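Engineer: These protein sequences, in sequence, are chains A and B.
So in the working numbering, the last one in the first sequence is 588, and the numbering has no gaps at all.
So in the working numbering, the last one in the second sequence is 1176, and the numbering has no gaps at all.
It should be emphasised that the hints constitute simulated quantities derived from the structure, not laboratory data.
There's no promise every hint is true.
What the hints assert, rightly or not - So the derived list for chain A, only partly shown, Cβ under 7 Å to chain B, looks like this: (1) 18; (2) 22; (3) 205; (4) 250; (5) 254; (6) 292; (7) 494.
What the hints assert, rightly or not - According to the in silico footprint, chain A covers these stretches of chain B (three or more CB under 8 Å from chain A): (8) 885–899; (9) 940–951.
This one's a predicted model, so the numbers in the text were calculated from it and none came from an experiment.
Glycine included, C-beta positions come from ideal geometry on N, C-alpha and C.
There are 2 protein chains.
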Amino acid sequence: MRKVRVWAPKSNSVNIDLGSGRVPMTAQPRGWWSGTLPDGAVDYTFVLDDGVPLPDPRSPHQPYGVHGGSRTVDHAAFPWTDSGWQPAPLDTAIVYELHIGTFTEEGTFEAAIEHIPHLLDLGITHVELMPVAEFPGDWGWGYDGVDLFAPQHAYGGPEGLKRLVNALHAAGLAAILDVVYNHLGPAGNYLGRFGPYFTDRVRTPWGDGVNFSEGGSDEVRGFFIENALMWLGDYHFDGLRLDAVHAITDSSAVHFLEELTSAVAGLENRLGRPLCMIAESDLNDPRLIRPRTRGGYGLSALWSDDFHHALHTVLTGERTGYYSDFGYVSHLAKAIENGYVYTGEYSAFRDRRHGRPLEYGEKSRLLGYIQNHDQIGNRANGERIGQLTGFAHARIGAAMTLLGPFIPLIFQGEEWGAGTPFQYFTNHSDPDLGRAVSNGRRQEFASFGWSPEQVPDPQDPETFRRSKLNWRELNEEPHREMLSWYSRLIRFRREHPELASAAAKVRFDEAQQWLAMERPGIEVICNFGRSPVRVPYGRHRGTVRFSTADGAGADGAVPPAAVLVFENPGSSEGSPRAGELESVPVKK
Amino acid sequence: MRKVRVWAPKSNSVNIDLGSGRVPMTAQPRGWWSGTLPDGAVDYTFVLDDGVPLPDPRSPHQPYGVHGGSRTVDHAAFPWTDSGWQPAPLDTAIVYELHIGTFTEEGTFEAAIEHIPHLLDLGITHVELMPVAEFPGDWGWGYDGVDLFAPQHAYGGPEGLKRLVNALHAAGLAAILDVVYNHLGPAGNYLGRFGPYFTDRVRTPWGDGVNFSEGGSDEVRGFFIENALMWLGDYHFDGLRLDAVHAITDSSAVHFLEELTSAVAGLENRLGRPLCMIAESDLNDPRLIRPRTRGGYGLSALWSDDFHHALHTVLTGERTGYYSDFGYVSHLAKAIENGYVYTGEYSAFRDRRHGRPLEYGEKSRLLGYIQNHDQIGNRANGERIGQLTGFAHARIGAAMTLLGPFIPLIFQGEEWGAGTPFQYFTNHSDPDLGRAVSNGRRQEFASFGWSPEQVPDPQDPETFRRSKLNWRELNEEPHREMLSWYSRLIRFRREHPELASAAAKVRFDEAQQWLAMERPGIEVICNFGRSPVRVPYGRHRGTVRFSTADGAGADGAVPPAAVLVFENPGSSEGSPRAGELESVPVKK
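Construct the complete structure from the given sequences, taking the supplied hints into account.
Structural biologist: Below, the structure is given as structure tokens:
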């Protein structure tokens, strides 16, 4: 027999339903109920006062989907082979974001294992999985998960996920999991029947926010913290990526994120291996990564959209939506030197001042990317950068990201300039919800001038299938060449640990559209424009190490849409160091 | 001619209406409009696209009330006589909270001046005015103000307020103003027609919250900051008391309160006199008073309800509402030693953990009180402590507050145990709103079991009149005796500057209901109970300096409902100092 507990503070009774009959649970203090389940893998539900069987809020496995019963899992039974495992330090990481459902034809944890050699060849150190918590249907992005303790059954459930993490560790790769603690999905979300998990006093773009600071919030906070500790402990993940923490509203004196990182630090001590907590936030607020002892929340690192937006707009010329705040080479220069572009300046898109400067050393805690699931998939047609700009500009973006001052992150298939899109897809079984999602997507893009037929239907299974990687491209040009570019840049970064420093100095010319980024031991010179430019020699011009334009660069001439990487004589001698960063003003 | 500006970002035109005709204003960048007004005191309104004349959002004077036109004020014209003025330091302050409308029969700034000698005799150093910004009607508490730059016309307007502050300074008294930046009142609130001052994404108990971090919020924040600087600069106030800052919701990287205290610090430097920023907050969050350089908001001090609630419940035995979290002598002991009672513990009233410990030295930044406008006026009948407990217990409360480790604050009339209540009163001219307020008040107390006729009608003029102080009581017993008690305690505190230290050690006995508070040079021994107790001698028992029970104390015996203040031999020799505070565990 094993113990099982559930928090149901408003219920007068809670029963366990094992199919064969219902067994009452015993009331415990503070709204908790306890009971026992038979050993082995057992299907069960909880029944509250209204007699309706519901999945366990902490269900470890939902073999029948979000509306079905829960199944017990014996975490101790898995034959882990990763004892003594230590991940590469986060500041030297090359992160690879992947989506289980589209990474392979099969769309499973098991199938993903087959491609680990590819990731190793590429030079990846950390694999970040898009959310895997049980979400409605058999495919989806995963941000509408509702059984937060259960790995998606269609991906292969708990056993499959453990096999994947174990295989990653066996290959020397760290594993990071994307978790969503700011809201739950619209279908199969039964949490609210158990207790005050949500509050209408906090509104998110996706509905009622999570109750992090009102009555009953101790247990709600505990629910999410326990979830984090489970992924890190029972599934051996090396870190979490917290989705959209700006949508976590908490007025209490100890912010949820501070309590969370504090609990994870405790687990880290017990496990004896480093754990990282990475957050997505659009607040440009250094408090998130500041130590708890200095009034911060103690997160390890942050995704940095400012660098992405600055680089993306310079590469593509796009200016709609939030890209309207970017577009000048000077924006990119500021991102490279200061981390954030908006550090208190007026943002036209937000119609208010935005952000705050990072302090010394904090820039190295940002992740940089030119592609990720959002920046691709939130486009109407989910195009990748190469499809927007051509491969020449995509290669510039790669060099800036992979040799830049941030922890690089790339999105599955980016390394070969995948021809497949990453579109928005869902698999809701409720026809009303499905229609609402389809129409919502069309309406979202109608405001940007897209007609309905131009926007792929998220509910169309073809939208999902179309987004799967086509691994056959790997053997075809121009993909082979792009893969070679990525591999060489990644290998170079890993062979030059001084590039893990965030030190960077920038020269640029707005009119001529060139930018030169001096980094320890190297200088990366980009011509974003359509005309050849002559870039004045920097302090330490050496030999061309990488180039997208054969024979270019020797005389300072850079062809259009090209990038040259100079390796300085004497390696990092005289190159910028972290201490020099703040002293360099950005040209306007 | 003088310049006038207004922010109206959505308007296509703005006109100034001078009664004699309309003059168009000139559009400026970012939604501002500028125009000119004749010299001298001129009545004017602004007219937006819909043609309706509205008061100036920054109206300096509303001689006809919240729905009338605005009148110009020449701040430079007032004959100030307080050059070189320096207030007493906040940590040595004795604060007196007063409400202009009920402090005197006349209910005006001018009439309040007549009682300055009383405040001086009492030993007050700082006078805190309840809100004076123009609110609907001729009387009210003032927390529903809507013309935040205009002193209430019924109190005497700008000229009257300046005369009062000037007279306070002439008498050596500092002036603090209560300001409300978390919401505006329901009547006469035209701000929303001018711009996005409010947002339905933030909900307060009083309606839509102020837009501190969404689109347009730069100007909204600027509006409130300019308001603060005006009271401190143009009206010579020495500080502000910020109402209910927990209802200020701001997700931006620089919190409004941090921006506000930063701006006030700049003004302080320019003026060359200290300014204080005191906040009311129910968050028990030390971040509010932590320096900005350490991730805090840089406020000077906070009202501390925990001390009040702990003392109030021990004195009265009340346990309803938020008092349910208090009631033990141990709560009071923890408040005295640690500042907050709830420093992360579970609060039954809030049904969640609450608060966070203060760090060393922060306890001295709390204000302590046994009465204030809220704790009296938020009762159905607005009774003062003496009416609830009798004067014996009220005198214990006074000794604990005036000799305790917090900056003492008393509420008008408390010093003589005023027989007049302080009830909730309003004067809304809109009959629907008036009825809604009356019914709302009845419903609020119905949930505590009060029948409608037991709850005074806020709209009844008699409720207001009943709440006015009766200064004739000063010459009557038992009020004379109470006034003597307050005067002696206050004088003692001021004569012993070591009592400005927050150092305090407590011994107590929960069953016997006594508590001994050791402070620099003194020990205050209270018997809250109905039986005589024998309190073991403390380390430094000296002679009885104050007592509510003649001849008691010499043998350690304390009669019921009595307080004795022992003065240690050798004054503060061997008494607790600030550094000892944290080392003393609270008995449970």
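Engineer: Against this structure, judge whether each hint is valid.
Structural biologist: Going down the list of hints, with the structure as the test:
The beta carbon of residue 18(A) is not positioned within 7 Å of any beta carbon in chain B (closest approach about 32 Å), and the interface hint is therefore violated. Below 7 Å, beta-carbon pairs count as interface contacts, and residue 22(A) has none with chain B, the closest being about 29 Å; its hint is therefore violated. Because the smallest distance between the Cβ of residue 205(A) and any Cβ of chain B comes to about 11 Å, over 7 Å, the interface hint for this residue is violated. Nearest Cβ of chain B to the Cβ of residue 250(A): about 11 Å, over the 7 Å cut. The hint is violated.
Hint status for residue 254(A): holds, given a least beta-carbon distance of 6 Å to chain B, under 7 Å. Evaluation of the residue 292(A) hint against chain B yields a violated restraint, the C-beta minimum of about 10 Å exceeding 7 Å. The criterion of a C-beta within 7 Å of any C-beta in chain B is not met by residue 494(A), whose closest approach is roughly 33 Å, and the hint is violated. Given as covered by chain A, the segment 885–899 of chain B fails the check, having 0 residues with a CB less than 8 Å from a CB of that chain where 3 are the minimum.
Given as covered by chain A, the segment 940–951 of chain B passes the check, having 5 residues with a CB less than 8 Å from a CB of that chain where 3 are the minimum.
The structure fails hints 1, 2, 3, 4, 6, 7, 8 (numbered hints given earlier, in ascending order).
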